[in-house]
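A.B. asks: Sequence:
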Amino acid sequence: MKNIGYILQYWLLIFLGWWVNLLPEKTALSVGATLGKMALALRVRRKMALDNLARAFPGNNHAENLRITISLYQNLGKNLVELLRFKKSDCQRIKDKVELRNTEYFDQVVKNGRGGILISGHFGNWEAHAAAIANSGYHFSVVVYPQHNKYVDEALNSLRQSKNVNIIFKKDAVREVLTALRQNHFVAMLSDQDAGQDGVFVDFLGQKASTTRGPAVFALKTGAALITGAIVRQEGGRHIGYLNPPFYADTKNEKQAEILRLTKHFTSQLEQFVISHPDHWYWVHKRWKTKQPAA
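The numbering used here numbers the first residue of the sequence shown as 1024 and each following residue consecutively.
These are computed hints drawn from the structure, not numbers from a lab. C-beta atoms are modelled at their ideal positions from N, C-alpha and C, and glycine is treated no differently. One or more of the hints may lead you astray.
Computed list of lysine-lysine pairs in BS3-like fashion (alpha-carbon distance at most 27 Å, straight line) [to be verified]:
no. : residue 1 : residue 2
1   : Lys1193   : Lys1287
2   : Lys1134   : Lys1244
3   : Lys1231   : Lys1025
4   : Lys1194   : Lys1312
5   : Lys1070   : Lys1244
6   : Lys1060   : Lys1070
Computed Cβ-Cβ distance ranges for the label pairs, DEER-style [as the list claims (entries may be wrong)]:
no. : residue 1 : residue 2 : range
7   : Ser1185   : Asn1084   : 30 to 36 Å
8   : Gly1219   : Arg1066   : 22 to 28 Å
9   : Arg1137   : Gly1160   : 43 to 49 Å
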């Protein structure tokens, strides 16, 4: 029965993709916003989003958190529509829709010759951000985790690859990330979700959060630069992609202490993006699920 459900989800996605590619962009984005509001009305992870917001912003009242949640769901619906419209949009059109700022930081990394790790999160339309970077003269890969629905997973990865985004699957990540960095390429890692007991516990929005140690480990191993970035939605289906200055691992430090330092640093920068644009972040995830073991 589960497989039948997955097949139905896949064909629903295919139909939605076909439909929104027939529509003018403005209408398609309105459809996306409506789909987001429908998901919210059906209470799809609504309580989780509101609980997370109350936890992160104790000074907010319920009305403010509800406003953020409504805007978030609309943005998620628009994100889906924009991704599905990758099929219709050529690479130049996607690049034109995303204004990339501070790309001189990428250029600095290329000159350094050891590759770079773009650390971002499920923030704004991260798919459009990746596609715009991949079509701006940079060798660019993204580490992706498999979806439960393999049919949907294949469809989404096909859309990403159609816009020159190289996919590194989680099961092959160590080998392929090392190869990419040694070739002076860029690799993106979404590093804003709970990492379980294997993670590093650092402060995120006022609470300890288990955070992946991957970016720090790769930086220590290869000398690659670490850069945080995020994308912010504008009016009319446009976006601005931001980058922060690169930073590097200090191999003179004790390894675990350096992993902690680097993880704290990039997490604090991602946190600032969330504080500035709370309706852009993926609140429908149990970010603080894993509790820090007692000392």
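A.B. asks: Against this structure, judge whether each hint is valid.
C.D. replies: For each hint, the structure was consulted:
Distance check on the hinted pair: lysine 1193 and lysine 1287 sit about 23 Å apart at the alpha-carbon level, within 27 Å; holds. Restraint check: the Cα-Cα separation between lysine 1134 and lysine 1244 comes to about 19 Å, which is no more than 27 Å; the hinted pair holds. Under the criterion of a C-alpha separation no larger than 27 Å, the hint pairing lysine 1231 with lysine 1025 is inconsistent with the structure, at around 35 Å. Using a Cα cut-off of 27 Å, the hinted pair lysine 1194 and lysine 1312 holds, with the two alpha carbons roughly 23 Å apart.
Only pairs whose Cα atoms come within 27 Å are accepted, and lysine 1070 paired with lysine 1244 is rejected, the gap being roughly 41 Å. The hinted pair formed by lysine 1060 and lysine 1070 meets the criterion: a straight-line CA distance of about 14 Å does not exceed 27 Å. Checking the proposed 30 to 36 Å range against serine 1185 and asparagine 1084 shows it is violated: the Cβ atoms sit about 44 Å from each other. A beta carbon spacing of about 27 Å between glycine 1219 and arginine 1066 agrees with the range 22 to 28 Å that was offered as a hint.
Between arginine 1137 and glycine 1160 the Cβ separation comes to about 18 Å, which falls outside the hinted range of 43 to 49 Å.
The structure fails to meet hints 3, 5, 7 and 9 from the earlier list, while all remaining hints are met.
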